[in-house]
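Undergrad: Residue numbers (the UniProt record's numbering), protein chains in the order written: chain A, 1 to 348; chain B, 1 to 348.
I should point out that these hints are in silico values taken from the structure, not numbers from a laboratory.
Take the hints with a grain of salt, since some may be wrong.
The list cannot tell twin chains apart, which means a pair is met if one copy fits it or any two copies do.
Stated by the list, open to error - In silico DSSO-like links for lysine-lysine, alpha-carbon gap of 27 Å or less: (1) K321 <-> K220; (2) K125 <-> K26; (3) K321 <-> K264; (4) K220 <-> K49.
Protein chains: 2
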Amino acid sequence: MIEDKNPQRTPLSQLGEFGLIEHLTKNFETSRPSTLKGIGDDAAVLDFKDKKVVVSTDLLIEGVHFDLAYVPLKHLGYKAVVANVSDICAMNALPTQITVSVAVSNRFPLEALDELFAGIALAAKEYRVDVIGGDTTSSQKGLIISITAIGEADEGEIVYRDGAKEMDLLVVTGDIGAAYMGLQVLEREKQVFQVNPNSQPDLDAYTYLIERQLKPEARKDVRTLLHALEIRPTAMIDISDGLSSEIIHLCKASKVGCNLYEEKLPLDPQLIATCEEFNIDSTTVAINGGEDYELLFTIKMDDFEKIKGNPNFTIIGHMVKETEGIHLITRADTKIPLRARGWDALEA
Amino acid sequence: MIEDKNPQRTPLSQLGEFGLIEHLTKNFETSRPSTLKGIGDDAAVLDFKDKKVVVSTDLLIEGVHFDLAYVPLKHLGYKAVVANVSDICAMNALPTQITVSVAVSNRFPLEALDELFAGIALAAKEYRVDVIGGDTTSSQKGLIISITAIGEADEGEIVYRDGAKEMDLLVVTGDIGAAYMGLQVLEREKQVFQVNPNSQPDLDAYTYLIERQLKPEARKDVRTLLHALEIRPTAMIDISDGLSSEIIHLCKASKVGCNLYEEKLPLDPQLIATCEEFNIDSTTVAINGGEDYELLFTIKMDDFEKIKGNPNFTIIGHMVKETEGIHLITRADTKIPLRARGWDALEA
């Protein structure tokens, strides 16, 4: 019985616009003290008392930012929230609310939207952000997701991109490059599947990489970790576009240069093994692969003792005078200018 | 020289993503005291001190919400901001900031985006809202605009949809139905143009209607007007989907019924003349046409003396018990149940 594979396909037109919004949002309860009024009026109402408010927004387009051939809708919903929450974390602020707008073409049944919103709801619960508003509409083509994330922080806690100084240490959380290699693995499997739809992929060797691609997490914990260590970063940014690109953003905003050390880059063993299998240089992947949603920040040299040996953080370089430029110091001790999308620099 | 008609068409790819964002946002200066940091970091930072924060968001899709065949891009940018600012006004709050995300297919040259952002910038200036963030990306098809509007108000000032009580008076600002008839005029001209591209339309008789459709304004002034009159509405909503639909939303949220009086509906003379020309019932247009961005609110009967005769406001009905239902009382004194998208009700 072929119907069993896809038992329910309810056309969106069956609910109408208001019915659809009510259906998709009825399970969103609010729990933040700062949420006075969530979904259901012309606007949400929030109360941050003496806290500062932090706001970030992102637009995700099918075929540009994601490919539904290998991203399940529930994961996509989760990841869309994570990407926005990560921007709030990158200000050293606490994520508190999000708005979620979605446009879909009529090729999506209600059950597909339910999957997407299940992922959004799961992330909202995981990160304790209230879904306080949004919009649901039809699109001419494909799926479009727009999320605005809101957070709060005391003024003194907020960390901008432009505060790094010469001699500051450059620190990254977690490990990097895995999300990119996860995507390479999934793209290879997609091609195999297109040639032979009956092939059963064996992805055991890549579970960490795939999880980093499909279900990344925002480093909401870093704010707490740094607070406990009594460290206030001098500058911070999240790694969405790739390490090299983010280092350049941070250096330009702070008007400093940087020396990044290849040997210090935190790489997961699975990443190294898979890079060897794919015959790709792991350093290239680590500095250019995006979507890790780790945090990159600078701290004063005086804070070195507080952070060294901490498994959550890796010191990967230090800031220098702006005129010295931004460089990767290789294992062979050569100095290569770092570029955004710097594949050329490394492949030369 | 055919090029003279379209002298500049710069492909978006020439600038790259970061170059494009910088180009489009470089003229956005912030002026609100509550904007501590606008565009240029992972997130904007705002300070509302003891005010409450009001947030609303909208997603606009080409081919669904607008047709570029008769909406100039500059007007579209302006209108997109107005639609969101209107939601903040409908909470009786002061609009203060917006984020703007845009996705475009590569059929749009840079000059088209410049037009769109010129309209956004004009509206931002007109309504004194700071553009504090956003995202610019490519789309698979058409133009997509996502705006989140933020506003502030004292807690006691904020007006929800659910506060209307039996015996309250129902009040509307300005006049209604004109934006809808403006669209009908433009659609007729589009069809004429498709048959004969050399025809020169004479739109003098429809200037008000077309302006209401192409360059609507949000009623930011109403907050000030009501404050001066010492009136605090019991419930408020903006008219984006049409009067009947919004009355039903307000009644359902407030758990009341309503009698709406046909003879009280504020119609512009140009609307009445054009409805006659198009052979459309002007009442049907007034209660079902959307996009007027006027405000609909209820006040206590005691406030009647403060508002009567005020040219900004028209009392169009009064609230009744929920069990009495929601009705239009016609000029012939018959009682017709009001429905959202209620064309059937009136054409029957």
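Undergrad: Evaluate each hint against the coordinates.
TA: Now the hints, each set against the structure:
| no. | hint | result |
| --- | --- | --- |
| 1 | K321 <-> K220 | neither (31 Å within a copy, 49 Å between copies) |
| 2 | K125 <-> K26 | within (15 Å within a copy, 37 Å between copies) |
| 3 | K321 <-> K264 | within (21 Å within a copy, 72 Å between copies) |
| 4 | K220 <-> K49 | both (22 Å within a copy, 25 Å between copies) |
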